[in-house]
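Numbering (UniProt numbering), first residue to last: 1 to 323.
These aren't lab readings, by the way, just hints derived from the structure by calculation. Honestly, I wouldn't trust all of these hints.
[Said to hold, decoys possible] Simulated restraints on C-beta separations:
hint, residue 1, residue 2, range
1, 198, 272, 24 to 30 Å
2, 203, 171, 36 to 42 Å
3, 229, 165, 24 to 30 Å
4, 75, 178, 29 to 35 Å
5, 174, 208, 24 to 30 Å
Treat the numbers as computed from the prediction; the structure is a model and nothing was measured. Don't be surprised by glycine CBs; every beta carbon is placed ideally from N, CA and C.
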Amino acid sequence: MLLQLRVTVPPDRTDAVRDLFTRCPGTAHLAVLPGASVEPPGDLLLADVARESADALVGALRELHVDRDGGIAIEAVDTAVSAVAERAEEAAPGDGSDAVVWEQVVRTTAADSSLSVSYLSFLTIATLLAGIAIVNDSAVLVIGAMVLGPEFAPLAGLAVALVHRRRGVARAAARALLAGFVLAIAVTALAALAARGLGWVDPGVLTTDRPQTGFITAPDHWSVVVAVLAGIAGVLSLTSAKSGALVGVFISVTTVPAAADMAVSLALGGGAEFWRAALQLGINLAGILLAAVVTLLLQRVLWRRVPQVLPRFEATPRTGLRT
C-alpha cells in the first residue's frame, strides 16, 4: 500500500525535506524538481511512500512548516510494480492495513461533512424511500434507503473533530446532521400528507402488523449493540482505507428508516409511533458517535506505539529547523 506525497517546498528547506525522505525507510521512490512550483514558488518533490510511514512524514513536514509556506498533497497509488516499493513496505514500521494517516482522515471527513445540496438530496430521497417502505412493509426498500443515506459522513466528521479538537469541523458536521434530518423529515411528512389526501394511505398503516418494518419502532438493547458495532466498523473502514465495509455499516443501522417513521407518524397522527421512532434514531446516532470517538482514541494511542524512524529536527537561525 503506497501513497504519493506531492510536496511544494520553499527553496531554503528543500535539502531538509529531501533528507527527510531519503532517511525514511518507507520511501520507495523520490523525485526532486527544482523550481517546478510556480504558486507558491519553490521546488517540487514527488515521493512514493509506504502507507504506514505517511503519517509520520506529514507530521515532520508540518514541523518544517511546509504546510504553511508550501503545500502537501496525498494521493493513493493503485498499483506499483517495483522491487524497491516492496522493500520499502517491508522496512516501514507497522502494517499498511492498520496505518492511519490522520491528516488525510481529518480533511476527508471534513469535506464529506459539509452541508451541500447533494448531501441534502441523498438524505431526503433515502428518507422518502424509507417512508414508502414503511407504508408497504417492504424490507427491500428499507435496505435501499439505508444504503443511499449519507448520514454516516457527518457522524464520522463529528467524531474525528471531537478527537482532534477541530471546532469548525464539529460545528459543520453537527449542522449537516441537524439540518439534513429536519429537512428530510419535513419533506417526507409533506409527501405522506399528500398521499393521505389522495387516498393512497390511511392512519391504519401505523397500527397494522408490519413484520418486515416493525423493528424500526422497537428500540431495545440490541439497537445499542448494533449502533456501537456499526460505529466501530465505520471508523475502521475510513481510517484503514477499506471503504467497501461502509456499505455494511449503512445497511446495519436504522437512522434513515427511523427518521422516515417519524415523518409518516407526523402526517398520520401517530404520536406514540413518532416517539418510538425518535428514540430509535437517538439511540443509533448516539451509539455510532460514541463508538466512533472511542475507536479513534484507541487507534491514536495504539498507532503512537508503533516505532517511527524519522530524523529529528533542531532549531537553526535560517529556517528555524534542521535535521
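Each hint tested on the structure:
{"no.": "1", "hint": "198 <-> 272: 24 to 30 Å", "verdict": "holds, 25 Å"}
{"no.": "2", "hint": "203 <-> 171: 36 to 42 Å", "verdict": "holds, 39 Å"}
{"no.": "3", "hint": "229 <-> 165: 24 to 30 Å", "verdict": "holds, 26 Å"}
{"no.": "4", "hint": "75 <-> 178: 29 to 35 Å", "verdict": "holds, 33 Å"}
{"no.": "5", "hint": "174 <-> 208: 24 to 30 Å", "verdict": "violated, 36 Å"}
Of the numbered hints stated above, the single one contradicted by the structure is hint 5.
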